[in-house]
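Chemist: Here the protein sequences line up with chains G and Y, keeping their order. Mapping of the first sequence onto UniProt numbering: position 511 corresponds to residue 511, and the numbering continues sequentially without gaps. Mapping of the second sequence onto UniProt numbering: position 1 corresponds to residue 1, and the numbering continues sequentially without gaps.
Quick caveat, the hints were computed from the structure, so don't treat them as lab data. Being a predicted model, the structure only gives us computed values, none of them experimental. Be careful, since some hints might not be right.
List of simulated lysine to any residue pairs, SDA-like, C-alpha gap at most 25 Å [said to hold, decoys possible]: (1) G/Lys-224 with Y/Gly-42; (2) G/Lys-586 with Y/Ile-24; (3) G/Lys-576 with Y/Glu-84; (4) Y/Lys-76 with G/Val-579; (5) G/Lys-224 with Y/Met-39; (6) G/Lys-100 with Y/Val-15; (7) G/Lys-576 with Y/Phe-69; (8) G/Lys-586 with Y/Phe-69; (9) G/Lys-576 with Y/Ala-9; (10) G/Lys-498 with Y/Ile-17; (11) G/Lys-576 with Y/Asn-7; (12) G/Lys-100 with Y/Asn-75; (13) G/Lys-576 with Y/Ser-5.
Computed beta-carbon distance windows for the label pairs [said to hold, decoys possible]: (14) Y/Glu-80 with G/Leu-290: 25 to 35 Å; (15) G/Lys-380 with Y/Gly-42: 32 to 42 Å; (16) Y/Arg-73 with G/Lys-498: 20 to 30 Å.
Don't be surprised by glycine CBs; every beta carbon is placed ideally from N, CA and C.
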Amino acid sequence: MSQFAINLLFVGASFALYIGIAIWARAGSTSEFYAAGRGVHPVTNGMATAADWMSAASFISMAGLIAFTGYDNSSFLMGWTGGYVLLALLLAPYLRKFGKFTVSEFIGDRFYSQTARIVAVVCLIVASTTYVIGQMTGVGVAFGRFLEVSNTAGLLIGACVVFAYAVFGGMKGVTYTQVAQYVVLIMAYTIPAIFISLQLTGNPIPALGLFGDHVASGEPLLAKLDAIVQELGFNEYTAHHADTFNMVLFTLSLMIGTAGLPHVIMRFFTVPRVADARWSAGWALVFIALLYLTAPAVGAMARLNITDMMWPNGTNGEAVSVEQIENEARYDWMATWQKTGLLDWEDKNGDGKIQYYNDQNAEMQAKAAEKGWEGNELTKFNRDILVLANPEIANLPSWVIGLVAAGGLAAALSTAAGLLLAISSAVSHDLIKGAINPNISEKGELLSARVAMAVAIAVATYLGLNPPGFAAQTVALAFGLAAASIFPALMMGIFSTKINNTGAVAGMLAGLSVTLVYIFLHKGWFFVPGTNSFTDADPLLGTVKSTSFGAIGAAVNFAVAYLVAGATKETPQEIKDLVESVRIPKGAGAAQDH
Amino acid sequence: MADNSSNTAYWSANVRIILISLVIWALVSFGFGILLRPMLSGIAVGGTDLGFWFAQQGSILVFLALIFFYAWRMNKLDAEHGVEEE
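For reference, chain G alone in the conformation it holds in the complex (with noise of 0.2 Å):
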């Protein structure tokens, strides 16, 4: 059997399980289709939350984005599993005791606003919209590479897939479907790592292995992988090169927005009791910790395996020549990526190799000069493709590559439908029936909920095919602008009373557009190519990249917030008992709707 018909077996049952449980678990009512009914045991909702949570950005993205950064990119690591230790401690609990559906809903009543609930509707399309855009790079890159068509036609293939299927079902649907696609996820991304970890190392757990000792050379893994790159002039692996400023600030601008997630958020509000919010959190990042924590694993490995492949007589010997890519069935996973426009290569000097080097590093130009070699000739490897041709690259048996085909896809389409739930709930619940028209009927206000997500899904399918960034930094971008609108309106509503409803809706407006006209201003308005007046490589302030400014916002949004509270009329008695109501477990119902 051909590997394109594996890829498509493998796929293929795995959608039919998805299907089926969505079909078996078919939501009735709006209640059940925005909360599942609230029967979910903590261990059940914490490994469907991971499921949503790791999206093409987790699975497809970041590894890659590590395997050729290094330590740099841990930011990655800590920003998205910390947001985790926010949400359990500052949110999580106090939205369950509160009781409603929506994130918006919450802030509509807290602060007293009509106004504060359309601001954060607003603040939630506008994150949401781009974390979909974010994901629609990953689903190209995977609907790409396993039906072997170029990156675009991917994409538009992948779009109609996602829709069809977040249509299907409401979150029960997606809750039980969301844990199929956990188990088959989590197992596609640690069994190819295991396979390679114990070929590298030895050892058959990868985040073990990642600081064990390197088999063939019998010196530790790290300190292997440290000396190969420097050796072709780039910056070593483990080494820190980047800004400290903006690392930190882009680590706590994912922490922050990964609390002010909507569709992580909502997550909690399934849960039957105070207690089990808290315990969901725990459960959840239980299951993602199984990814992160081999994440950096397949990063370090990815990079030694494709430099081994690059040179496979060392770097001090013979570059890869153009036959053995084109003839050794080892090099097969080149060409079958070439096809997507995602990886390339070009003989320039002519010599019938292959020369894999930084050409920016004036030592490595030296030596190119004397060897005469004209510049890199592996001319793109686009980060995003390194984890679905990890197995490939390692050589690893069919199903395996099978298996991450499915798993990519599962990780993907999870999150997509999640992320357009809490849009079209935001549209249809909030915008529709909180504010334009209250009298609307229930299948009214499901129709408006499928508008609003094929509207969503053609907004960023029409962007993805020209992405802000890699996968995992479009969907950091997302997390900016979480950071900066929602998740301090929900922190200050729950742990001040001081603040009002113009603090709040003027926090979260400032917090919003300070953030949007940073991004705008790097990555071009309405990310349009082109339009932009700077880059990431030369910021406007100092050296804080756009995906970092979330941090900044957020700081905006607090700042606006108390100091408009503190000039304009107090809380009002009812709602400093509403904050009273929410810090004190007893007393938590089921949901109330409006």
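Let chain G serve as the given structure and place chain Y on it in line with the hints.
Modeler: Chain Y in isolation, oriented as in the chain G frame:
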């Protein structure tokens, strides 16, 4: 609802636990993982140093411990103050 002074005591105990947890949270990630890494560079771990381990794995393990500690501690605190759910 329980009387107000008991609720205030419960809330300030909660805030204290949160603050202690967040200090540890920041110390292992921003501290050991990034800013204090040069200070930990003498401690070798598998071909690199302890700061690298904290940045890529250690902080995640501490985060996990923190969340479970908080859930356990708060469920106990709820009972102590009689504010647990029925």
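Chemist: Could you run down the list of hints and mark each one as holding or not?
Modeler: Consistency of the hints with the structure:
no.	hint	in the structure
1	G/Lys-224 with Y/Gly-42	holds (19 Å)
2	G/Lys-586 with Y/Ile-24	violated (29 Å)
3	G/Lys-576 with Y/Glu-84	holds (21 Å)
4	Y/Lys-76 with G/Val-579	holds (22 Å)
5	G/Lys-224 with Y/Met-39	holds (23 Å)
6	G/Lys-100 with Y/Val-15	holds (24 Å)
7	G/Lys-576 with Y/Phe-69	violated (29 Å)
8	G/Lys-586 with Y/Phe-69	holds (21 Å)
9	G/Lys-576 with Y/Ala-9	holds (17 Å)
10	G/Lys-498 with Y/Ile-17	holds (22 Å)
11	G/Lys-576 with Y/Asn-7	holds (13 Å)
12	G/Lys-100 with Y/Asn-75	holds (22 Å)
13	G/Lys-576 with Y/Ser-5	holds (15 Å)
14	Y/Glu-80 with G/Leu-290: 25 to 35 Å	holds (34 Å)
15	G/Lys-380 with Y/Gly-42: 32 to 42 Å	holds (40 Å)
16	Y/Arg-73 with G/Lys-498: 20 to 30 Å	holds (27 Å)
Going through the hint list in order, the structure does not satisfy hints 2, 7.
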